[in-house]
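Given the sequences, and given the hints that come with them, work out the whole structure.
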Amino acid sequence: MASASASNPPCAACKFLRRKCLPDGGCIFAPYFPPEEPNKFISVHRIFGASNVSKLLNEVPPHQREDAVNSMAYEAEARLKDPVYGCVGAISALQRHVISLQKELDATNAHLLRFATNEVNIIPFNTNNNNNINDANNIDDGGSGSGYFDPISGILLPYSNWGWNNNNNNNNGSSGA
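Under full-length UniProt numbering, the final residue of the sequence shown carries the number 177; numbering is consecutive throughout.
Any given hint could be a false lead.
[As the list claims (entries may be wrong)] In silico DSS-like cross-links for lysine-lysine, where the CA-CA straight-line distance does not exceed 30 Å:
{"#": "1", "residue 1": "81", "residue 2": "15"}
{"#": "2", "residue 1": "55", "residue 2": "15"}
{"#": "3", "residue 1": "55", "residue 2": "40"}
{"#": "4", "residue 1": "20", "residue 2": "40"}
{"#": "5", "residue 1": "20", "residue 2": "55"}
{"#": "6", "residue 1": "40", "residue 2": "15"}
{"#": "7", "residue 1": "81", "residue 2": "55"}
{"#": "8", "residue 1": "40", "residue 2": "81"}
What the hints contain is simulated information worked out from the structure, not anything from laboratory work.
See below:
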């Protein structure tokens, strides 16, 4: 019999409570408190007590027992770290963090909306190439309708004035054919 107990070590609960473990269905703790995780049962036992955990596991349907044990283990660890608030303190901290991130997201979206609205409203951009308006107010982009928006000045600068995209200017330092 000594060799049988050596091949089947007792679960963490039975080892801590110093009782005989029957892992083949006789011990309610064996499937959920393996011998490799003794601290899991110790923390649950300190907060809830072995008798209460046993009663709770007997009342819970078998397919929900693992979730119940994991929940109790999390709650026990949180209660040991923060005896006053326990897991409620962790949940409150996470909720405050979510609210803070939501406010930051709202502010960023509002900033983007203001930026997009200002870009559309401020930029006097003429896509057709008529020169009947004062040339200083008319942006000539070669009729392409595209350009570069300078966020500092708030002006749309045409690509054609940059030199590298100027197809009409042959004085760009390259010899044409």
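For which of the previously enumerated hints does the structure constitute a violation, in increasing order of number? none
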